[in-house]
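Asker: What follows is the residue order along each chain.
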Amino acid sequence: MSSSPAVTPDRSAPGGQRIRVLYFAWVRERVGRAEEVLDVPSSVTSVADLVAWLRQRGPEYADAFERPEIVRAAIDQTHVRPAAAIAGAREVAFFPPVTGG
Amino acid sequence: MTVRVQAEDFDSAAEVRRLNGTSTDAGAIVTFTGTVRGESHGQRLILMELEHYPGMTEAELARIEQEARSRWPLTASLIIHRYGRLLPGDNIVLVVTVSRHRQAAFAAAEFLMDYLKTRAPFWKKETLSDGTGGWVDARETDDTALERWAMPDVTAATAP
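Keeping their order, the protein sequence lines are chains A and B.
In terms of the numbering used here, the first sequence is residues 1 to 101.
In terms of the numbering used here, the second sequence is residues 102 to 261.
Bound-form chain B, shown alone (with noise of 0.2 Å):
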């Protein structure tokens, strides 16, 4: 069980085979790759940059990778989350899961993206084409996709 958070790029056959190692437990590993897509509000992207919170990111992402083990029987699972500056095409996250039967681990890959998107403390500010750009507004579909998990918010505004 693992979790990385880093500037640089990662390699995620690479990162797959050292995650299984030698073992013949798993029937099925999932891997997912999320990416910057290099077009936003129908301009063309020039730069992302990805804020984080040292510390607690690193925290959040244990916590989460631990409710997702709590609910799968997972045999590994791995996160790794870039920050820093982006361009497109560029690899942002991975998200390994490790299981002996394909519903665990798909479930569970699903699971650690949608708790991460709402969670982890990442902020991604644009540059588009045009030279606007700013900080990236938070999604309602992002909020809704926990709810299937029953999944409380635990991020709640700080006003009542």
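Okay, chain A solo, but in the shape it has when bound (with noise of 0.2 Å):
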């Protein structure tokens, strides 16, 4: 997938688009990076879907992802729920139950 910093209109999946994804935490840790930019497919279109088409891109996300219920979601920094659709989405985060104070 792209290594591109910066979000351009998607040209490679035509209908899809291009969307940065952040973890943190010990999602973070078990992707192995802390952000990448992915051209997500059109098919793609809830928060749900994207855990979904993660989770069969490789271990390290089916790893992440392992209990996809008790990850949480956050689009253009604010929390969502699983259903959330990602449409004009420009950021999507994942992370565990935050344990700030």
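These aren't lab readings, by the way, just hints derived from the structure by calculation.
In this text, all values refer to a predicted model and were calculated from it rather than measured experimentally.
Check the hints yourself; a few may be wrong.
[To be verified] Dumping the calculated SDA-like pairs for lysine to any residue here, alpha-carbon to alpha-carbon at most 25 Å:
(1) K226(B) <-> E69(A)
(2) K226(B) <-> Y61(A)
(3) K226(B) <-> P68(A)
Using the supplied hints, reconstruct the complex from the two chains, each of which is provided in its own coordinate frame.
Answerer: Shown next, in the form of structure tokens:
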């Protein structure tokens, strides 16, 4: 997948979209990177779809999303639920339940 | 109304003086400071590393503060949250609420902390004296603390 840091209109996957995906805490450790830019096919329309698509990308993703029900997500820096649409999203983040304070 | 996310330590007394300034409107100032406990799972804590999501952290804290201000008549408020490598006894978080009366200041400070613990994108990683440690699990008690404020859990899991 593209290693370009710039999120530009996707020309390599007609109908799909290019999204910056970020990972935090143990999700980041399991995936093995903090962020990447991915060309996501048009069949992927929700956060839950994106998780399912990521899981089949490789063993590190399968490991990170082994229990997808405990991984949280944000679209463009706002918490979202699994059914949230990713259309128009610039940035999607995946992370464990938060433990600040 | 101020939100700060920083690696550096803070001085709560200095922050309160700065926040309140020369105003005489306030009858009540509540200050809460969260610090790193030196014990976890029966072991001595050696190090706590706090990771966060730059950008979203500030946005989320600002949303939380706005929610508090819509519920209580605050004349001023402040949230400071640290990230990075922290040691036992170090400051983690400061919440200050200023109001004319104590009920609003107490309630708003408690609301801010309950809400922050379940919404602000921070993650704690511990190193313990026996060599164990790892990422701290979210506590269910934090989620149930939200319920009494009648707030929905917007951080629901990513799978249906």
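Asker: If a hint holds in the structure, say so; if it doesn't, say that too.
Answerer: To see whether the hints hold, each was checked on the structure:
1. K226(B) <-> E69(A): Roughly 21 Å between the alpha carbons, so the hint for K226(B) and E69(A) holds.
2. K226(B) <-> Y61(A): 21 Å, holds
3. K226(B) <-> P68(A): Cα-Cα ~21 Å, so holds.
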